[in-house]
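Peer 1: For chain C, the structure is supplied; the task is to place chain Z on it using the hints.
As they're listed, the protein sequences go chains C and Z.
Per my numbering, the first sequence starts with residue 330, numbered consecutively.
Per my numbering, the second sequence starts with residue 330, numbered consecutively.
Derived by calculation from the structure, the hints in this document are not laboratory data.
All of these numbers come straight from a predicted model, not from anything done at the bench.
One thing to keep in mind: the hints can contain errors.
Treat identical chains as interchangeable: a pair holds within one or across any two.
[Claimed, not checked] Under the rule of at most 27 Å between Cα atoms (straight-line distance), these lysine-lysine pairs were calculated in the DSS-like manner: (1) K676 with K771; (2) K771 with K627; (3) K546 with K480; (4) K597 with K546; (5) K597 with K737; (6) K480 with K501; (7) K736 with K332; (8) K382 with K627; (9) K501 with K479; (10) K627 with K708; (11) K482 with K509; (12) K509 with K408; (13) K676 with K369; (14) K708 with K480; (15) K369 with K382; (16) K333 with K539; (17) K440 with K369; (18) K736 with K597; (19) K676 with K605; (20) K605 with K501; (21) K345 with K408.
Here is how the chains run, residue by residue.
2 protein chains.
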Amino acid sequence: MDKKEFLELFEKNELKLIREALNLMNAVDLASLLAELSDKENVIAFRLIEKKKAAEAFAYMDGEQQEMFLKIFTNKEMKEVLDSMYTDDTVDLVEDMPANVVNRVLENLDKETRIRINEILRYPDDSAGSIMTIEYVDLHEDMTVKEALKKIKRVGIYSETIYTCYVIHDRKLLGAVSAKDLLIHQDETLIEELMEKNIISVNTHDDKEKVANLFRKYGLLAIPVVDSEQCIVGIVTIDDAIDVLTDETTEDMTKMAAMNPSDESYFKTSVFTHAKNRVLWLLILMLSATITGTIITKYEAAFQVIPILVSFIPMLMDTGGNCGSQSATLIIRGLAIDEINYTDIFKVMWKEFRVAILVSAALALANGLRIWLMYQDFKLALVIAISLIATVIISKLVGCVLPLVAKKVKLDPAIMAAPLITTLVDTCSICIYFNIATFIFKL
Amino acid sequence: MDKKEFLELFEKNELKLIREALNLMNAVDLASLLAELSDKENVIAFRLIEKKKAAEAFAYMDGEQQEMFLKIFTNKEMKEVLDSMYTDDTVDLVEDMPANVVNRVLENLDKETRIRINEILRYPDDSAGSIMTIEYVDLHEDMTVKEALKKIKRVGIYSETIYTCYVIHDRKLLGAVSAKDLLIHQDETLIEELMEKNIISVNTHDDKEKVANLFRKYGLLAIPVVDSEQCIVGIVTIDDAIDVLTDETTEDMTKMAAMNPSDESYFKTSVFTHAKNRVLWLLILMLSATITGTIITKYEAAFQVIPILVSFIPMLMDTGGNCGSQSATLIIRGLAIDEINYTDIFKVMWKEFRVAILVSAALALANGLRIWLMYQDFKLALVIAISLIATVIISKLVGCVLPLVAKKVKLDPAIMAAPLITTLVDTCSICIYFNIATFIFKL
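One chain only, chain C, in its complex shape (with noise of 0.2 Å):
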């Protein structure tokens, strides 16, 4: 049902219809379609969808959306809603929702929901304790197959996932058996034979993105998360790991076009914040493009006896900035999915350097034939060749080398993109084109 037809049926009063219609949906599809409903018409719908299915609706619906109907939630819808979220989930809320709305959720969680939340609230930002939560299923090493399947069916409704169990003794980790091997082998199997001993697992205090990452390079579905005793205190799922992935990425990306990363959709950030996420870089980058223009009057003289030098500005500008974040782009990139480490900066350098040479002598020959036939006038052509190839080889050179130094330093890499590079390597592509030209035309 999309809102039109909703919208439609809410007129005639054709509630019956609705809520047929309605709990014939998915979790996310109804989520989405109480997002675009007036508030009145939001609660109407709400209430007609089946306890579970809203519950779970609830969970993925925006901050405003779920603010909105925890300020009109009697308290049995509350504790009928929050008692269905997972706890990851429920973190989310409580980080999101102001004072007073998180009050009342945490009245109506129980002592041990509330303390546990409490615990996995004070792990910093992005460290995998903040993403993980606790409802998994444990087994025993001295279980049979048939125990286990038993202990699944009473707790497994509880849990994020029954795919993969963890084995513990006395809090310690000590593997991982998949629901696929549980339901494979014969019920007298014991837990013991058929564990994974040596499995992946993360620190709390381990970087969310090291986390996401592990989940891509071994293609798991879920990821114990332990204390620095190797207690096991939650797990990460997949589908956590996947939005870790995306907005790392879209983070990435943000700051690769020198702008600070919005918490929000495109949509749900207001023109202000947008306006201040790009500002800071651009005044420091313009400002910084302003010495690229002071040197440029150095050569004054060069331009009042040769007017079409300036002409070439643009161009090597231009060239030099689009190699540099060719590489800079590549490196980030690579560093990102983990194929390049700080250890590789020689490789890649060399490497670099012979792209830089091919690709320079390239550009070189097309622009220095280019300018030689227009203009008739050889010296010319020979000094946007060479400054060309000058300018490739350093800007790939900067460009390849900034993003693992900052790697190594421990800043982000993604901030040595495109604009800051650019602004760099233009000073450089300026100095040596107008020191070629001099020497060249013996100015």
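Peer 2: Just chain Z now, with coordinates in the frame of chain C:
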């Protein structure tokens, strides 16, 4: 075990210790370790690994290494490895190998698998069909939970996932049931009562990026692929969806930096291929930038009289380029993750226009004041301030409109990024700048 430990044991001929250590490792790490060894060590190590794990590690190797092994495998070894691989991995293998290796691979597959692989190979490269696998569990609506679990016990080992099972009648897809539901419900419950009827499925020819986005949106572990008659032909699993998401993002970033994307990782791509992927766009952009240069020569008279005008060219060009690429990046990313659509074009333009007003006001004020104070020249400050405002507004509008238009005409929005936007905006900003200067200074 890492390479160093392996080589130490290998030198001492401690094959038993090597075997133990290798068999403790997981398949992904095994594949990475083998990749670091020489061909000879590689083969010895591989034959020490237990069959099932060796076959799994084989699936994680890169093309070169797989080819090496396929060339030296006995028919028996090849059969063992191929039998334990899922169809989607075998398809990848067949696509990557040279013809003579492919022939040997096909000879060692049973007839049915050969036919199915040939079918999958016929789907377009970017389609859901090309990344699907055919090993899934199918159930019948009148089975009980007990019967379903029994079937999973029998066929589960051959299935890539058992966590979502598909309910099929006469090859038509009726619904899906999760292993979780099977495990937490009573033995006598009918599948019909448990199955979700309103399921997300994709068509064989749907774009694989669309498929990957559905995984993200709905938090799924597998999506069924159906043909035009709603008959199920395969499934896509989440590990493949994550690979698609990662590859598509890398491709987008590469295109956004004016390069042709490469199929291989940074280091696997040869210097020549790197150069080839980068030079075409550089040539196009370089020659386009000469247009800006030609325009500058038209205003020779202006900068002959006031040479300092030239020194602001880099600052204006860079600011325009940066502003445009900020907007373009946000829109390209929004389109990729389905947050923005072509129909939003006027909403986007209005938003970017207001952001541009705020940002340009700040930049114009900062730079105008600086120039006024430094050069004591109010007219010059005014020229720069007005040029900045106009440049920022135009850049932001060009930056947001072009990716949306590209999407509309079925081009990849990612090519409408920083480099192209910069070149386009350069021309505009230079024209605006010199016109305003000519007007205010009455040149």
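Peer 1: Any hints from earlier that this structure breaks? Give me their numbers in increasing order, please.
Peer 2: 1, 3, 8, 14, 17 and 20
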